[in-house]
Amino acid sequence: MSIVEVEKLTKHYGRETAVNELSFALEKGTATALIGPNGAGKTTSLSMLANLLTPSSGTIKMDKKLSVGFLPQHPRFFPWLTALEFTEMAAKLSGIESKKARIQAIRTLEFVGLALALQKKIGGFSGGMKQRLGLAQAIVHQPKLLLLDEPISALDPTGRREIMNLLKLLQQETTILYSTHILNDAEEITDQLLFMKDGRLIEQGSLKDVKKRHADPHIRIRFENRSEALAFAGRQLCRTELKGDTVLLPVHENHPSMQEVLQVLATQSQDIKGIEFQSASLEEIFLKVVAAK
Amino acid sequence: MNQFFLLMKKEWLENIRNYKIFWIPTVFVLLGITEPVVNYFLPQILESSGGLPEGAVFEMPTPTPEQILIAVMGQFQTIGIVVLILAYMGTIAGERKSGTATLFYVRPLSFSAYFFSKWTLASIISLMSVWLGFLVSYYYTFLFFGKVEWVNLLQLMAIYSVWVLLIVTFVVTASAVLPNSGLAATSAFAAYLLLQLVDGLFGMNWSISPVKIPQYAADCLTSVPDNTSLWEAIGIACLIMVVLFGIGIWAAQKNKAKTKV
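Taken in sequence, the protein lines are chains A and B.
In terms of this note's numbering, the first sequence has 90 at position 92, counting the first letter as 1, and numbering is strictly consecutive.
Just add 754 to wherever you are in the second sequence, counting from 1, and you've got this note's numbering.
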């Protein structure tokens, strides 16, 4: 069941088109990664979903009462409030009743790892702490839809890992749409991928489908020298590609398998220096798709 | 209503923690003290700064206590108003510009609660400051120049309060409508000067012009004010405020798209 359906969503700024006929759906309980180069329209799209911006045309179909949490790319806070005061206020503004709001705020701040900073003024927070607080205000009212704009891009590797782990926990309870350009991390918590470029959606689908379409798997065999590689390639029936002293055998639907290749190699006399199975990472797929369209 | 009180609490904390609640009254108290004190010590001040040329005959009439209080109001009208405009020009525009408002705007926020929380707190602090300024100056005027009936002082303060509220409403609305604090302050101040100018040049017979409210307030001390005109002017001022409320709430909602994400 999809909880959000976006259809031909478009946003113009004067003559510029920031988002151009974007259509996708978010299934309940899934995590969707919105991926694209800078200026692709990711933030604008998320802002429209968060009801900050009005679309120029197109529709966003979602329940009016659906509770939404939003973490901007660079969340900004009132420096003179404490973390607890702010989070409690955020909970109340989202409609949580007074008595529950405080408990909920404390619990959430503990969850994001700010248990020791409850009573500290936000003005003294580091960048990483602010990002955690940003996440806390986005989830304090237990929203059904969580929108995160570059939640991990500004963090150091340790912080990034910790936030990723939190997101994995959240993924079990809520629907997440997040933008990112750190693709190796995205791979861990993604059910659906949306690639954007120049305001348009250029590729979408499940991680598995996208990989299937673009991963271009092959087996890579490196020989002692080029003539040996040439000798091996010449004797194969399937299409091969020769790169220096290396032969690339494309794999289609698990064929040929490593097993089969090894059997063939066993019967031949060439000197082999290495053999490996290779498929494009999400990052390589992204670069390829973005360059192509 | 819940949101209104919640946001009021936030404004309250803000005004305490960035010391607005202390420095705005301080300005008005200082203005209130300076006028009577400087007037009282004027002869000594002239003496110590070299005195008058030999042979100059200079009759210095002692001002009446009423004149001193009206002069204090004159100070509030210039320096005081500028301070209020500068203090509250960013109350909405500044939050949008810095992006602190974003985390509020993505929630089911009532923009009338949002607008009125800001207006109410700005009004409370402005009125307290003005009243405190008048009371302090009343005390020093009493010490140095003599007594003014306190009933008259209360009348003056009550009528002048309407004018202060009008100014505060204008600033908060300008802050909701315009993209940044600087523009809000400039437009509020420009409107203030322009209205004074127009009223001064052409408004001799516009007895119901709200710009004349401070003048009516001053009249309470020296003569009996024209009650009909006064009430009509106050009525017009209230009408303008209601219109400004509408514009302010509408603009605050419409401009939420301009908040920094």
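Among these hints, one or two may not hold up.
In silico EDC-like cross-links for lysine to aspartate or glutamate, where the CA-CA straight-line distance does not exceed 20 Å [claimed, not checked]:
1. K118(A) to E765(B)
2. K63(A) to E3(A)
3. K764(B) to E3(A)
Simulated coverage check for chain A against chain B, where a stretch passes if three residues somewhere in it have a Cβ under 8 Å from a Cβ of chain B [to be verified]:
4. 29 to 36
5. 68 to 75
Simulated from the structure, these hints should not be mistaken for lab results.
Just so it is clear, CB atoms sit at the ideal spot from N, CA and C, and this is done for glycine as well.
For each hint, the structure was consulted:
1. K118(A) to E765(B): Holds - the C-alpha atoms of E765(B) and K118(A) are around 19 Å apart, at most 20 Å.
2. K63(A) to E3(A): holds (15 Å)
3. K764(B) to E3(A): violated (36 Å)
4. 29 to 36: Coverage by chain B is violated here, the residue count being 0 at a Cβ distance below 8 Å.
5. 68 to 75: Our answer is that it holds, as 7 residues pass the Cβ test (under 8 Å) against chain B, meeting three.
Checked against the numbered hints given earlier, this structure breaks hints 3 and 4; the rest are met.
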